[in-house]
Amino acid sequence: MTSENTPTPEVAPAGTPRPGGPGSMAGRTVSRVGYGAMQLERLYGDRRAAVALLRHAVDLGVDHVDTAQFYGDGFVNDVIREALRPEDDVLVVSKVGATSDPGGPFPLRLAQRPEELRAGVEENLATLRMDRIPVVNLRRVDAGVTAVPVTDDQVVDLDDQLAELIALRAEGKIGAIGLSSVSLEVLRRALPAGIVCVQNAYSLVARDDEDMLQLCADEQIAWVPYFPLGGAFPGLPKVTDEPVVLAAAENLGHTPSQIGLAWLLHHAPHVLLIPGTADAGHLEANLAAGAITLDEATLAALDAVPTRPFSAPRR
1 MTSENTPTPE
11 VAPAGTPRPG
21 GPGSMAGRTV
31 SRVGYGAMQL
41 ERLYGDRRAA
51 VALLRHAVDL
61 GVDHVDTAQF
71 YGDGFVNDVI
81 REALRPEDDV
91 LVVSKVGATS
101 DPGGPFPLRL
111 AQRPEELRAG
121 VEENLATLRM
131 DRIPVVNLRR
141 VDAGVTAVPV
151 TDDQVVDLDD
161 QLAELIALRA
171 EGKIGAIGLS
181 SVSLEVLRRA
191 LPAGIVCVQN
201 AYSLVARDDE
211 DMLQLCADEQ
221 IAWVPYFPLG
231 GAFPGLPKVT
241 DEPVVLAAAE
251 NLGHTPSQIG
261 LAWLLHHAPH
271 VLLIPGTADA
281 GHLEANLAAG
291 AITLDEATLA
301 ALDAVPTRPF
311 SAPRR
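Here the sequence shown is numbered in the UniProt record's numbering, starting from 1 and rising by one per residue.
Some clues are possibly wrong.
[Said to hold, decoys possible] DEER-style ranges, computed between Cβ atoms:
hint	residue 1	residue 2	range
1	E87	G235	21 to 31 Å
2	A297	P105	47 to 57 Å
3	G194	Q214	18 to 28 Å
4	G103	Q214	35 to 45 Å
5	A297	I166	41 to 51 Å
6	P234	E210	18 to 28 Å
7	A167	P17	38 to 48 Å
8	A247	D89	34 to 44 Å
9	A304	G194	10 to 20 Å
10	G235	P149	39 to 49 Å
I should point out that these hints are in silico values taken from the structure, not numbers from a laboratory.
Just so you know, even glycine gets a beta-carbon here, dropped at the ideal spot from N, CA and C.
Using the sequences and the hints given, assemble the complete structure.
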């Protein structure tokens, strides 16, 4: 999956430790700290740097990359195609349920109808140049926040959506099905389809989904939180502003962001992280968070941080 014009980088040495240790998704063993590729959009004007950053992540042991065709209107998927090779054995997870709309009032529009989900899978296959996407998440709008308008034609029954994804799985175009931005009720309804992961907004300061996290543990479903440090929109609490987090960072010699990520890994063994960044130093710090040990006193203090409902005005 490299370009003819890109120098072939060295493969990560055999036995490179997985950041955060081993986790599991879709029957695969993967690093518990992976990489969320959305931030590669910020390197749109420097494609070579974007490719180099992703290669650096792989060299450091990352073997789980999260993406979407609508990240950078295909740019991110194109970088992944160029940067990764089959021998890297990286689990690529993409999502459908929205599509790029560069000329519209918002950069994205929802694409929830079954035929749109199929089109999204086909676009991912084309830009990634894969015969099968290992995991595809259905990105709904049942929970979390969205700045994209939800029109009547985009309120689609879950069963119709799952039927299309199950058909795509039977055709071999996707390997497994995940969910994103869903409620506990929706997850329960979807379980017979064989869900392998859930991506919901979740962090130390936004723990509304504890019941769903527990259900995922019971069903051996990977919990992959987005906005893992909170504060994704103005007015929402940030993990890195919490006095307890700041104190733990100072006492342990780490950054507040690292403490927030480390707490997630300690909180439940089926948590897999996909922090994103366009900066190599931040990438290294995120991956290093997987090696942080939090003592019982620190964990107790962090666990006592109050959770605030993750909500914001929907448009």
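Do the hints match the structure? See the list:
1. Our hint of 21 to 31 Å for E87 and G235 is violated, since their Cβ atoms are close to 45 Å apart.
2. Checked against the given bound of 47 to 57 Å, the beta carbons of A297 and P105, roughly 50 Å apart, stay inside it.
3. For the pair G194 and Q214, the beta carbons lie near 19 Å from each other, so the given range of 18 to 28 Å is met.
4. A hinted range of 35 to 45 Å for the beta carbons of G103 and Q214 is consistent with their spacing of about 43 Å.
5. Distance hint check: the CB atoms of A297 and I166 are about 47 Å apart, consistent with the given range 41 to 51 Å.
6. P234 and E210 have their C-beta atoms about 26 Å apart, which keeps the hinted 18 to 28 Å range intact.
7. Distance hint check for A167 and P17: the Cβ-Cβ separation is about 39 Å, which falls inside the suggested range of 38 to 48 Å.
8. Checked against the hint of 34 to 44 Å, the pair A247 and D89 passes, with Cβ atoms roughly 40 Å apart.
9. Checked against the given bound of 10 to 20 Å, the beta carbons of A304 and G194, roughly 37 Å apart, lie outside it.
10. Our hint of 39 to 49 Å for G235 and P149 is violated, since their Cβ atoms are close to 20 Å apart.
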